[in-house]
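Residue numbers (our numbering), protein chains in the order written: chain A, 32 to 819; chain B, 25 to 180.
With the Cβ distance kept under 8 Å, some of the chain B side facing chain A (calculated, not the full set):
| id | residue |
| --- | --- |
| 1 | Asn68 |
| 2 | Ala103 |
| 3 | Arg116 |
| 4 | Gln122 |
| 5 | Leu157 |
| 6 | Tyr163 |
PhoX-like cross-link-like pairs, simulated, lysine-lysine; straight-line CA separation at most 20 Å:
| id | chain 1 | residue 1 | chain 2 | residue 2 |
| --- | --- | --- | --- | --- |
| 7 | A | Lys600 | A | Lys622 |
| 8 | A | Lys751 | B | Lys151 |
| 9 | A | Lys132 | A | Lys87 |
| 10 | A | Lys48 | B | Lys176 |
| 11 | A | Lys186 | A | Lys132 |
| 12 | A | Lys751 | B | Lys168 |
| 13 | A | Lys202 | A | Lys217 |
| 14 | B | Lys168 | B | Lys151 |
| 15 | B | Lys168 | A | Lys48 |
| 16 | A | Lys340 | A | Lys436 |
| 17 | A | Lys596 | A | Lys622 |
| 18 | A | Lys436 | A | Lys464 |
| 19 | A | Lys686 | B | Lys151 |
| 20 | A | Lys528 | A | Lys50 |
| 21 | A | Lys173 | A | Lys189 |
Source of the hints: derived by calculation from the structure; they are not laboratory data.
In this text the structure is predicted, and so the values were computed from the model without any measurement.
Here a beta-carbon is modelled for each residue, glycine too, at the ideal position from N, C-alpha and C.
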Amino acid sequence: MTLRTSPEIGGMGHSLKRKEDARFIRGQGKYVDDVKLPGMLYLDIVRSPYAHANIKSINTEKALAVPGVLAVITGETLKEYNLHWMPTLMSDTQMVLPVEKVMYVAQEVAAVVATSRYAAADGVEAVEVEYEPLPVVVDPFKALEPDAPVLRTDKEGKTDNRIFHWEAGDKAATERAFAEADVTVKQDIYLPRILVASMETCGCVADFNATTGKLTIWMTSQAPHAHRTVFALVAGHVGLSEEKIQVIAPDLGGGFGGKVPIYPGYVIAIAATVVTGHPIKWIEDRTENLQADSFARDYHMTAEIAAKKDGTMTGLRIKALADHGYTDAATQPSQFPAGMFSICTGSYDFPQAFAEVDGVYTNKPPGGIAYRCSFRVTEAVHALERMVDILADELSMDPAELRLKNFIKPEAFPYRSILGWEYDSGNYEGALKLALETIGYDDLLKEQVEKRARGELMGIGICSFTEVVGAGPSKHFDILGLKMFDGAEIRVHPTGKATARFGTKSQGQGHETTYAQIIAEELGIPAEHILVEEGDTDTAPYGLGTYASRSTPVAGAAAAIASRKIRDKARKIAAHLLDTNEDDLEWEPGKFSVKGSPTLSKTIQEIAFAAYTNFPEGMEPGLEAVSYYDPPNLTFPFGSYICVVDIDKGTGEVKIRRFLAVDDCGNIINPMIVEGQIHGGLTMGLAPALFEELVYDENGTPLNGNFMDYLLPTAMETPKWETAKTTTPSPHHPLGAKGVGESATVGAPPAIVNAVVDALSHLGVRHIDIPMTPDKVWALLREHGVTE
Amino acid sequence: MTSINVTVNGTEHQADVEPRLLLVHFIREDLEMTGTHIGCDTTNCGACTVLLDEAPVKSCTVFAVQADGRQVMTVEGLAQNGNLDPIQEGFREEHGLQCGFCTPGMLMTSYALLEQHADPSEGDIRKAISGNLCRCTGYVNIVKAVQYAAQKKAGG
Ligand code: FES
Ligand code: FES
Numbered sequence: 032m033t034l035r036t037s038p039e040i041g042g043m044g045h046s047l048k049r050k051e052d053a054r055f056i057r058g059q060g061k062y063v064d065d066v067k068l069p070g071m072l073y074l075d076i077v078r079s080p081y082a083h084a085n086i087k088s089i090n091t092e093k094a095l096a097v098p099g100v101l102a103v104i105t106g107e108t109l110k111e112y113n114l115h116w117m118p119t120l121m122s123d124t125q126m127v128l129p130v131e132k133v134m135y136v137a138q139e140v141a142a143v144v145a146t147s148r149y150a151a152a153d154g155v156e157a158v159e160v161e162y163e164p165l166p167v168v169v170d171p172f173k174a175l176e177p178d179a180p181v182l183r184t185d186k187e188g189k190t191d192n193r194i195f196h197w198e199a200g201d202k203a204a205t206e207r208a209f210a211e212a213d214v215t216v217k218q219d220i221y222l223p224r225i226l227v228a229s230m231e232t233c234g235c236v237a238d239f240n241a242t243t244g245k246l247t248i249w250m251t252s253q254a255p256h257a258h259r260t261v262f263a264l265v266a267g268h269v270g271l272s273e274e275k276i277q278v279i280a281p282d283l284g285g286g287f288g289g290k291v292p293i294y295p296g297y298v299i300a301i302a303a304t305v306v307t308g309h310p311i312k313w314i315e316d317r318t319e320n321l322q323a324d325s326f327a328r329d330y331h332m333t334a335e336i337a338a339k340k341d342g343t344m345t346g347l348r349i350k351a352l353a354d355h356g357y358t359d360a361a362t363q364p365s366q367f368p369a370g371m372f373s374i375c376t377g378s379y380d381f382p383q384a385f386a387e388v389d390g391v392y393t394n395k396p397p398g399g400i401a402y403r404c405s406f407r408v409t410e411a412v413h414a415l416e417r418m419v420d421i422l423a424d425e426l427s428m429d430p431a432e433l434r435l436k437n438f439i440k441p442e443a444f445p446y447r448s449i450l451g452w453e454y455d456s457g458n459y460e461g462a463l464k465l466a467l468e469t470i471g472y473d474d475l476l477k478e479q480v481e482k483r484a485r486g487e488l489m490g491i492g493i494c495s496f497t498e499v500v501g502a503g504p505s506k507h508f509d510i511l512g513l514k515m516f517d518g519a520e521i522r523v524h525p526t527g528k529a530t531a532r533f534g535t536k537s538q539g540q541g542h543e544t545t546y547a548q549i550i551a552e553e554l555g556i557p558a559e560h561i562l563v564e565e566g567d568t569d570t571a572p573y574g575l576g577t578y579a580s581r582s583t584p585v586a587g588a589a590a591a592i593a594s595r596k597i598r599d600k601a602r603k604i605a606a607h608l609l610d611t612n613e614d615d616l617e618w619e620p621g622k623f624s625v626k627g628s629p630t631l632s633k634t635i636q637e638i639a640f641a642a643y644t645n646f647p648e649g650m651e652p653g654l655e656a657v658s659y660y661d662p663p664n665l666t667f668p669f670g671s672y673i674c675v676v677d678i679d680k681g682t683g684e685v686k687i688r689r690f691l692a693v694d695d696c697g698n699i700i701n702p703m704i705v706e707g708q709i710h711g712g713l714t715m716g717l718a719p720a721l722f723e724e725l726v727y728d729e730n731g732t733p734l735n736g737n738f739m740d741y742l743l744p745t746a747m748e749t750p751k752w753e754t755a756k757t758t759t760p761s762p763h764h765p766l767g768a769k770g771v772g773e774s775a776t777v778g779a780p781p782a783i784v785n786a787v788v789d790a791l792s793h794l795g796v797r798h799i800d801i802p803m804t805p806d807k808v809w810a811l812l813r814e815h816g817v818t819e
Numbered sequence: 025m026t027s028i029n030v031t032v033n034g035t036e037h038q039a040d041v042e043p044r045l046l047l048v049h050f051i052r053e054d055l056e057m058t059g060t061h062i063g064c065d066t067t068n069c070g071a072c073t074v075l076l077d078e079a080p081v082k083s084c085t086v087f088a089v090q091a092d093g094r095q096v097m098t099v100e101g102l103a104q105n106g107n108l109d110p111i112q113e114g115f116r117e118e119h120g121l122q123c124g125f126c127t128p129g130m131l132m133t134s135y136a137l138l139e140q141h142a143d144p145s146e147g148d149i150r151k152a153i154s155g156n157l158c159r160c161t162g163y164v165n166i167v168k169a170v171q172y173a174a175q176k177k178a179g180g
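Please put together the full structure from these sequences, using the hints given.
Right, dumping it as structure tokens:
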């Protein structure tokens with residue numbers, strides 16, 4: 032993309048340093064836990080030690096005697112206000128505090144309000160709860176057996192633990208494709224339960240003013256407006272009214288999808304501020320975060336590919352079982368219960384495909400949120416990219432060659448997949464060829480042959496993924512009926528500076544910088560003169576928030592369109608000032624000039640001043656615009672990743688020697704920020720590939736609910752990421768841009784697994800489930816007779 | 025309650041605290057300096073890193089009473105007379121931060137590293153920050169940020 036603006040203006044394509052950094056590097060960021068109000072009290076939560084149990088009694092007497100403890104809130108307290116249950120974003124229901132029974136270990140049971148954090152924790156210790164354990168269902172396959180106990184006894188008429196059954200594609204035609212195939216391959220693949228674990232945990236400060244009836248809540252929210260509306264819907268009957276609810280999402284210490292759900296803690300804090308009349312702070316600790324927040328993945332898949340002898344793929348079939356825990360708290364806005372899973376045909380031109388997913392309840396915390404990805408895309412890509420490698424192995428074909436043979440061709444876009452997606456643009460062979468060349472694929476293959484001859488284990492893995500991001504369009508995407516558009520409001524002030532407000536919320540993506548760059552590109556006002564604000568529902572236009580890489584595709588587009596509305600008015604004012612016809616004016620970023628007489632011109636700053644001081648007769652004063660953008664389609668970023676690993680035969684440790692990510696996210700707003708997003712996404716792809724998994728024992732007790740055993744990659748394990756790019760603009764996005772924040776999290780894990788399996792393929796290894804921990808790899812090596 | 029005397033960023037503070045009060049809570053809540061963050065309960069994340077008599081410590085794992093009579097330096101103490109320390113500049117110039125939550129801890133750990141080693145290798149830097157978790161950046165740019173600061177301090 033060629034630059035249209037100077038560095039001083041700083042429009043699209045400039046690697047502007049971030050505006051937000053000024054406060055963060057000085058320790059002046061304002062996160063939720065930094066909010067302190069006069070008279071503020073602290074809330075801490077009593078949690079269940081059982082995965083399934085009746086609550087026989089809750090005795091709060093000793094807790095109330097603890098110095099500093101002022102109140103204990105239980106399900107019975109909330110029941111008086113009919114606030115003990117709430118809807119999930121999937122229109123399932125979830126307990127705020129239980130009245131009858133608990134459904135998972137670490138579930139909220141009661142809440143203690145006290146004058147300090149420490150006193151609240153003391154109070155939690157002193158609450159006495161008597162439980163009557165019930166049979167526990169941990170295994171999702173067992174949950175579907177006829178004799179399994181029905182968990183959701185609260186749902187009248189519910190006779191099993193199935194949440195949904197969902198299908199996509201033509202089952203019979205796909206069966207025919209398999210029957211007629213020369214070769215078929217099949218593999219069970221499990222993606223374990225993981226948690227985004229942003230460095231800042233979740234929490235809020237809720238402050239209700241009984242006189243005005245106004246509730247202000249600072250909360251860790253990726254979707255402040257949607258949350259405000261949900262609060263109004265849930266608590267409307269006790270007097271909370273939407274215009275008097277102000278949700279403020281201050282600086283967020285990461286989100287990645289974990290700050291989209293409404294956790295019970297927020298609602299309890301709201302109840303507590305209403306009941307006590309004091310501001311209430313609730314901040315979960317890391318153990319609570321890892322044991323009770325909403326989880327990702329937990330997907331048991333069986334995947335199959337049908338193909339001809341020459342490698343042409345003719346059919347894809349995937350059956351999946353999704354463990355959603357005790358409620359379907361998925362935070363995905365599509366109208367399909369398995370989200371975007373039907374993107375599973377990926378980058379390939381499959382003539383037939385069929386996918387089916389069953390969602391089930393178990394005695395685990397709510398599952399089904401995203402982990403830095405559009406909902407269920409990672410699962411789909413993982414299954415497919417593993418299967419392509421398994422097919423290559425079966426056919427003794429090079430995995431790169433097999434991919435190139437089956438890619439959707441560049442000239443086939445816009446491309447309609449057999450499962451119904453309309454891909455906007457792509458050049459898959461361009462990305463893979465660049466990756467192969469940049470990393471020196473042929474030399475790596477030679478090196479591998481030599482190493483194998485010496486008994487060393489080296490592997491090369493490829494993943495060529497297609498992502499699907501940027502929900503809407505609203506005809507397919509909503510949250511509880513709220514359509515998935517997003518809003519931008521721009522006000523240009525008399526002196527030519529601007530304030531812009533958005534319905535999204537940055538969690539580290541750098542919106543204060545990138546949105547300013549979009550407006551700078553469109554209006555020629557220097558980015559440094561544009562103040563971007565988000566996260567306050569009292570001031571920002573309505574929007575559905577930031578997740579699933581939707582900020583650039585949706586709110587970024589709204590910023591461009593609002594800017595263009597302003598430019599249209601600016602043109603009229605310029606014509607008035609230059610005493611000429613609108614049609615005789617020419618625009619270049621920052622000014623209008625008369626065609627053929629470039630010295631006759633008016634800058635956007637002069638025009639802004641005139642908008643308040645000297646506007647044409649009959650025109651409204653001011654220079655402002657709002658846009659609510661409902662995209663015509665999603666955007667489909669893509670990429671090809673290549674990973675090179677060496678495996679230590681003595682320890683089973685996987686060492687990533689090189690990792691190259693070639694990404695294509697269309698036109699780029701800020702290359703520095705895009706690269707940073709890719710680095711971060713790759714690291715969150717590395718994490719589940721090698722380290723992260725939440726494990727439960729047969730009683731449903733989490734075995735690794737803290738950072739001692741739930742391992743996040745440190746600087747020691749994280750490789751020096753290499754990146755490159757191709758640019759295929761989105762034809763329908765006003766700026767030609769696509770989302771990018773999550774591509775790497777989707778694309779990295781299969782590349783890493785494919786590399787490890789490749790290193791072991793000569794031993795007969797065809798698949799390994801993630802995480803590929805040293806002990807797992809070590810055991811596999813011993814199983815195949817490899818010793819040091 | 026125990027009476028303590030702690031010097032934070034050059035200013036002396038006298039306070040009566042519960043013996044169990046963590047240093048990080050003393051800094052954040054009693055002194056209302058919220059630049060130092062909390063990201064875990066098991067001494068793993070390093071978001072709470074401060075310097076105690078010039079050595080980086082995880083302030084969630086130190087009692088306030090243990091800081092009695094000692095010098096504490098937090099992220100708020102890095103800039104001198106409004107001038108950023110090179111390590112702060114490095115993080116901004118090299119895009120070494122995204123959400124900013126790990127940043128104060130990262131800054132303090134790398135500041136301490138550069139006080140010890142004027143010219144650390146990439147391996148030295150990665151090892152030094154291995155007790156500080158970052159979920160956003162993938163560390164590559166943090167390494168570059170520290171290298172930037174090392175060069176700048178060397179007059180480069
Ligand atoms: S808060 Fe995590 S190490 Fe101190
Ligand atoms: S910048 Fe977000 S955790 Fe490091």
